[in-house]
Amino acid sequence: MLRILRNKKTAKKIWIGLAIIIIPAFTLWGFVGTKNDQQDTSIAGKIFGRNVSNLEFRNSLTAVKTKAIMQFGDKLPEIEKYLNFESQAWGRLIILAEAKTRRINVKDKEVVQEIQNAPYFHDKNGFSNKIYQEILRYALRLQPRIFEEQTRQSLILAKLYKQITQNVKLSDDQTRQEYLKTNQELNIHYIASLFSGFAAKIKPTDKEIAAFFEKNKAMFKEPPAKDQPARIPELAEIKDKIQDAWIKEESKKIAENKIKECAEKLKNNEFDEAAKDSGLKTGQTIFFKSSGQIENLGSAGIFWDTAKELKDKEPSRVLSNAGGYYIIQLGTIKPIDETKFAKEKQEFSQKLLSEKQNEVFNNFAEGLIKKAQ
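The sequence shown begins at 3 in the numbering used here and counts up by one.
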């Protein structure tokens, strides 16, 4: 049964429009709700000042676990330790509380309609009660009334999602600009002030190392070991480590001063000339997209975004990453294949719109959670 739930086409239909919140689940019976014979009225916590019983929390916890089973199937045991089910359960309760405030409801016939359309309960003749029973019993291990309540709440969440995201729009220009960012290639000229280029020349004295250690002892604090409190080692124990940290700090300072010096020179000098006068290296990249890596420079994103906004021969502001500081000039922009863009535009736009809707709803949900706490 788990293999059935992990079918690619099935998963796609399950997740469309609701991937952020919860996977819809469906059943034909149990419209009487989820009241247990022996209700636990003890308090698990509060949201928006309202008490949440342990029973209500456990039901929410069951729902998020159902979601995980349907998402990951027989792979769940391998990744379960990375999933925070309790946090998800509280988030689900908070978002449902907001839906209730907005008076969002789901009728029984809406649940039935969803059941009838659920492909993973179908055989060649349509909806199959036998398949339904087997999935519910062996894969999800849920009583029908519990499963039905999860379904109802999932559909409520879907309606809330639609409310929050209904005004998210995407213009043709936005689609084109995002397509360019994903597919267009360009290259750049660059001036680099790399930390590593200065580190090899720095030779601190014992006095400098000791002074650096005295000023930055907290940097070298070791975590507590078994039956031992946290401690700061003596200088002699970690002298090499302190020296490396001092060299790293000094090389960053030198690199920053050098790139600032170069930026000043660029006001009156050509690109290569300013770099040479400042003792910095220059180079030119191969063509690259905004994603991925550039050899010797690192992640391409910041360089692509900056270069795209530059005029011909215009130097950029000072850029930085883990390797150093940079000033760039735009080289050449490759035009995209307009025929390919026209062919892919609709699908790309739909995907982009979905991502933006998810982002809007995520921000909305995060705000609710902070407010509830």
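A hint or two may mislead.
As the list claims (entries may be wrong) - 20 Å max Cα-Cα, derived SDA-like pairs, lysine to any residue:
#: 1; residue 1: Lys353; residue 2: Lys243
#: 2; residue 1: Lys342; residue 2: Asp174
#: 3; residue 1: Lys315; residue 2: Asn270
#: 4; residue 1: Lys278; residue 2: Asn298
#: 5; residue 1: Lys217; residue 2: Trp248
#: 6; residue 1: Lys250; residue 2: Thr207
#: 7; residue 1: Lys250; residue 2: Asn270
#: 8; residue 1: Lys262; residue 2: Ala201
#: 9; residue 1: Lys255; residue 2: Lys336
#: 10; residue 1: Lys372; residue 2: Asp174
#: 11; residue 1: Lys183; residue 2: Glu346
#: 12; residue 1: Lys183; residue 2: Asn270
#: 13; residue 1: Lys267; residue 2: Ile335
#: 14; residue 1: Lys161; residue 2: Asn107
#: 15; residue 1: Lys336; residue 2: Leu182
#: 16; residue 1: Lys243; residue 2: Ala232
#: 17; residue 1: Lys203; residue 2: Glu252
#: 18; residue 1: Lys219; residue 2: Arg233
#: 19; residue 1: Lys342; residue 2: Gln179
#: 20; residue 1: Lys262; residue 2: Lys183
Just so you know, the hints here were simulated from the structure itself, not pulled from any lab data. Values in this document were obtained by computation on a predicted structure and should not be read as measured data.
Each hint tested on the structure:
Proposed proximity of lysine 353 and lysine 243 is contradicted: the alpha carbons are some 48 Å apart, above 20 Å. Between the alpha carbons of lysine 342 and aspartate 174 the distance comes to roughly 16 Å, so the proposed pair stays at or under 20 Å and holds. With a C-alpha separation of about 13 Å, the suggested pairing of lysine 315 with asparagine 270 holds against the 20 Å cut-off. For a cut-off of 20 Å, the pair hint linking lysine 278 to asparagine 298 stands: about 19 Å separates their Cα positions.
For the given pair, lysine 217 sits about 11 Å from tryptophan 248 by alpha-carbon distance, which is consistent with the 20 Å threshold. Only pairs whose Cα atoms come within 20 Å are accepted, and lysine 250 paired with threonine 207 is accepted, the gap being roughly 15 Å. With a C-alpha separation of about 32 Å, the suggested pairing of lysine 250 with asparagine 270 is violated against the 20 Å cut-off. A hinted pair counts as satisfied when its Cα atoms are at most 20 Å apart, and lysine 262 with alanine 201 qualifies at roughly 18 Å.
Restraint check for lysine 255 and lysine 336: not satisfied, since their Cα atoms lie roughly 37 Å apart, outside the 20 Å limit. As the CA atoms of lysine 372 and aspartate 174 are separated by approximately 35 Å, the hinted pair breaks the 20 Å bound. The hinted pair formed by lysine 183 and glutamate 346 meets the criterion: a straight-line CA distance of about 14 Å does not exceed 20 Å. Restraint check for lysine 183 and asparagine 270: the C-alpha separation of about 32 Å exceeds 20 Å, so the hint is violated.
Taking the CA atoms of lysine 267 and isoleucine 335, the gap is near 27 Å; set against the 20 Å cutoff, the hint is violated. Between the alpha carbons of lysine 161 and asparagine 107 the distance comes to roughly 9 Å, so the proposed pair stays at or under 20 Å and holds. Distance restraint check for lysine 336 and leucine 182: the Cα-Cα separation of roughly 10 Å lies within the 20 Å cut-off, and the hinted pair is therefore satisfied. About 18 Å separates the Cα atoms of lysine 243 and alanine 232, which keeps this hinted pair within 20 Å; it holds.
Distance restraint check for lysine 203 and glutamate 252: the Cα-Cα separation of roughly 11 Å lies within the 20 Å cut-off, and the hinted pair is therefore satisfied. Restraint check for lysine 219 and arginine 233: the C-alpha separation of about 10 Å stays at or below 20 Å, so the hint holds. For the hint linking lysine 342 to glutamine 179, the alpha-carbon distance of about 15 Å falls within 20 Å, and the restraint holds. Between lysine 262 and lysine 183, the direct Cα distance comes to roughly 29 Å. Violation of the 20 Å bound is thereby established for this hinted pair.
Hints 1, 7, 9, 10, 12, 13 and 20 from the earlier list are contradicted by this structure; the remaining hints agree with it.
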